[in-house]
Amino acid sequence: MSPEINLEEQFQARIDAGEKIEPKDWMPEKYRKTHIRQISQHAHSEIVGMLPEGNWITRAPSLRRKVGLLAKVQDEAGHGLYLYSAAETLGISRDQMFDQLHKGKAKYSSIFNYPTLSWADIGAIGWLVDGAAIINQVMLTRTSFGPYARAMVRICKEESFHQRQGYEIMLGLAKGTLEQKEMAQDALNRFWWPSLMMFGPRDAESPNTEQSVKWKIKRKTNDELRQQFIDITVPQAEYLGLTIPDPDLKWNEERGHYDFGEIDWNEFWQVVKGNGPCNKERLGARVNAWEEGAWVRDAAMAYSAKNKTQNSKVSKTA
Amino acid sequence: MNKNEWPIFEIFIRSKNGLEHRHVGSLHAADAVMAMENARDVYTRRQEGVSIWVVASKDITASNPENGGELFEPAEDKIYRHPTFYELPIELKHI
Chain A
-13 MSPEINLEEQ
-3 FQARIDAGEK
7 IEPKDWMPEK
17 YRKTHIRQIS
27 QHAHSEIVGM
37 LPEGNWITRA
47 PSLRRKVGLL
57 AKVQDEAGHG
67 LYLYSAAETL
77 GISRDQMFDQ
87 LHKGKAKYSS
97 IFNYPTLSWA
107 DIGAIGWLVD
117 GAAIINQVML
127 TRTSFGPYAR
137 AMVRICKEES
147 FHQRQGYEIM
157 LGLAKGTLEQ
167 KEMAQDALNR
177 FWWPSLMMFG
187 PRDAESPNTE
197 QSVKWKIKRK
207 TNDELRQQFI
217 DITVPQAEYL
227 GLTIPDPDLK
237 WNEERGHYDF
247 GEIDWNEFWQ
257 VVKGNGPCNK
267 ERLGARVNAW
277 EEGAWVRDAA
287 MAYSAKNKTQ
297 NSKVSKTA
Chain B
108 MNKNEWPIFE
118 IFIRSKNGLE
128 HRHVGSLHAA
138 DAVMAMENAR
148 DVYTRRQEGV
158 SIWVVASKDI
168 TASNPENGGE
178 LFEPAEDKIY
188 RHPTFYELPI
198 ELKHI
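Protein sequences, first through last, are from chains A and B.
Residue numbering for the first sequence follows this note's numbering, beginning at -13 and increasing consecutively.
Residue numbering for the second sequence follows this note's numbering, beginning at 108 and increasing consecutively.
If we strip away everything but chain B, and leave its shape as in the complex, we get (with noise of 0.2 Å):
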């Protein structure tokens, strides 16, 4: 790779107060200041924004698919997580 490459960031726009940042794609840029304006430019020319975070992609740390099993399967089984678990009277309410 190039080192004058620009580097990459992940960009997160709120749509509007009250709802979280949400990953919306990414863009190069020199540091973070010019990822924000380039941001502005990319992903809110039609108002889809309220807010905006940049994240250099380099300082994630995603998990690996190869890690799936042992990350998400162990919740498989836990079924007495869930509200329905519970075996309640039918007559009872507001429960």
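Here chain A stands alone, though its shape is the one from the complex (with noise of 0.2 Å):
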């Protein structure tokens, strides 16, 4: 037997103990790899995830939902800072990260290049597309990578008034005005198919997935998330009164879940392929604000070299 698959043995025995792999653990390539790609576009999602909801921050309809909105969008860029931080233990850099971002190497979630059309679509974000992302976050929050778990342990703490403040809006639409309520409606016709897309291929088209699962990067499977995802989702859009464009939607006794419609696959891998509404907006939109805040980054690090020299200079005189 080779040290190599030696090694291999001992840290599947490890995580299947149930132990947390820490940064400096030995680890195989493959496993260190797959989280510097899952954990970088986890957190890529984050702070793409903000454009949508930026645009509407303007024109949030009173006080309360303006700060409702800030916060969440502020969250975002913390959640992305945390993610990034738990990638950069597995030794790539801040800059590599968003390097291939923004040559379009790195995925983010697909969800963010479907356009926010009205005020309508923060609820519909906040309500079903974080609603989506705390299903897959909360089986994370006991992911076998240390840093990545932790990281999700406070994203998950923070991420329930996301969901909340979003389906506040959808409330206050459906109990609105018929014009509100065809507002809150039609959010919810763009933004259900995609959602469920969230959760990524069947576990058929999955091939990460067995490997996933072994190494206790993922808990379940995208299949049994989706399910979950739509069994809690159903009533809440009872309660609203609002409709779920699906017509093969509907409760299975026998099976104790919904059954549902088939997935447009078809849009899922066109979206993932760049070819979404909103692709080349998003990425334009980040590789701006890196190109054109370029001058504060190298500023700040000036400014930090000059105070070093002038503090030695004290001291030596000292």
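Be aware that one or more of the hints could be misleading.
To be verified - Cross-link-like lysine-lysine pairs, in silico, DSSO-like; alpha carbons within 27 Å at most:
1) A:Lys91 to A:Lys19
2) B:Lys185 to A:Lys19
3) A:Lys6 to A:Lys16
4) A:Lys10 to B:Lys165
5) A:Lys292 to B:Lys165
6) B:Lys185 to B:Lys200
7) B:Lys185 to A:Lys143
Stated by the list, open to error - Here chain B is said to cover these stretches of chain A; the calculated rule only asks that three of the stretch's residues, wherever they fall, bring their Cβ under 8 Å from a Cβ of chain B:
8) 9 to 16
9) 73 to 86
10) 269 to 279
No lab work stands behind these hints, which were simulated from the structure alone.
Just so you know, even glycine gets a beta-carbon here, dropped at the ideal spot from N, CA and C.
Make one complex out of these two single chains by using the hints.
Structure (structure tokens):
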């Protein structure tokens, strides 16, 4: 037996025993790479996710709505930072991750490539998109890599307010005028299917799932999480008096779950490949922010360097 | 690495007086003053702390998991460092 195989077996035994893996521990190269990919894409999603919502901050219909949305978008920035830091413990730098995002090599959640056309979309995003994210993230609080799990615990604590503020917006609109209710329904119509797509391809078409479950990166499969989301969300839509845009959706007594219609996988892959409604706009905004901010980053470093030289002069004379 | 990339700082927060500072994560900043300002925004948005320490990550010396054996195993068989090692009569009180 080669020493490498032996190490991999020991590693798997630690995972099986429920031990957490910390950054300096030995880990298979593929475990490291999978984490760098997954955590950095998760971070990118948080950062890009600020764009569709930031679009509505100045047009929020009341101060109550504005402070809530502002705090939520600020949280997304924080969540991105927690996650970038977790990925950095694996030996990739922040600049490298940004570079991968900006060059289109790293993905982010496709949901953010859909436009936010009305105020109701902000409600639908909080309710559905954050709702779907929470299901995924609650699972990830028990993931095997320590820094990722700890970031998730922090994020989950903060995320629940996001979903509640979204649902409160939907509730307000659903109980409002006919026009407001139609806005809410329209937002649900447009965000329902993309939200289901957030859980990724079907298990049969997700080649990485088996290894990810074995390494306890994921504790549940895409299809399990998607079903969980649907079962939780349908009654919430009913409470709003809104209709989920799926004629095949119905309770299956035997399975104890909702049956649902076929997702448009062609649309899913098109958006993943960069052909969604807003892919170019989102990435363009990120690249622009990075390039326009370069002089600020450089100036801050120059200031820090200047202070260091001055301080060392002072301490020498003292 | 880009030499102009802001260095990493480790952030420690005391959640309330009477408790120790605890490591909460890390962030990038040009210097310690900026690290403090960023830490306040990133880690205390919901009154999570009353005091912050920031430490440049490069200044931390960490033990290696490979040295875990020599560092920590010697304590394993020193059960006489624990109170239950010492056998005293059961009727004895307050000891």
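Requested in this report: Decide if the proposed pair is consistent with the structure: Lys185 (chain B) and Lys143 (chain A), CA atoms, cutoff 27 Å inclusive.
Outcome: With a Cα-Cα distance of about 41 Å, the restraint between Lys185 (chain B) and Lys143 (chain A) is violated, given a limit of 27 Å.
**Report entry** Pair hint Lys91 (chain A) and Lys19 (chain A), alpha-carbon separation not exceeding 27 Å
**Finding:** At roughly 14 Å apart (the allowed maximum being 27 Å), Lys19 (chain A) and Lys91 (chain A) satisfy the hint.
Query raised in the report: Okay, the segment 9 to 16 of chain A and chain B, do three or more residues pass the C-beta test at under 8 Å?
Result: holds (count 3)
Report task. Closer than 8 Å, Cβ to Cβ, for at least three residues: run that test on the segment 73 to 86 of chain A against chain B and report holds or violated. Result -> holds (count 4)
Query raised in the report: Does the alpha-carbon distance linking Lys292 (chain A) and Lys165 (chain B) stay inside the 27 Å limit?
Result: holds, 20 Å
Query raised in the report: When you check the alpha-carbon spacing of Lys6 (chain A) and Lys16 (chain A), does it fall within 27 Å?
Result: Holds - the C-alpha atoms of Lys16 (chain A) and Lys6 (chain A) are around 17 Å apart, at most 27 Å.
Query raised in the report: Quick one, are Lys185 (chain B) and Lys19 (chain A) close enough, alpha carbons at most 27 Å?
Result: violated, 40 Å
Query raised in the report: Between Lys185 (chain B) and Lys200 (chain B), is the straight-line Cα distance small enough, at 27 Å or below?
Result: Holds, because 26 Å separates the two Cα atoms, which is no more than 27 Å.
**Report entry** Residues of the segment 269 to 279 of chain A with Cβ under 8 Å from chain B, three needed, outcome
**Finding:** violated (count 0)
Query raised in the report: Is Lys10 (chain A) within 27 Å of Lys165 (chain B), Cα to Cα?
Result: The given pair, whose Cα atoms are some 15 Å apart, holds under the 27 Å limit.
When each numbered hint is compared with the structure, violations occur for hints 2, 7 and 10.
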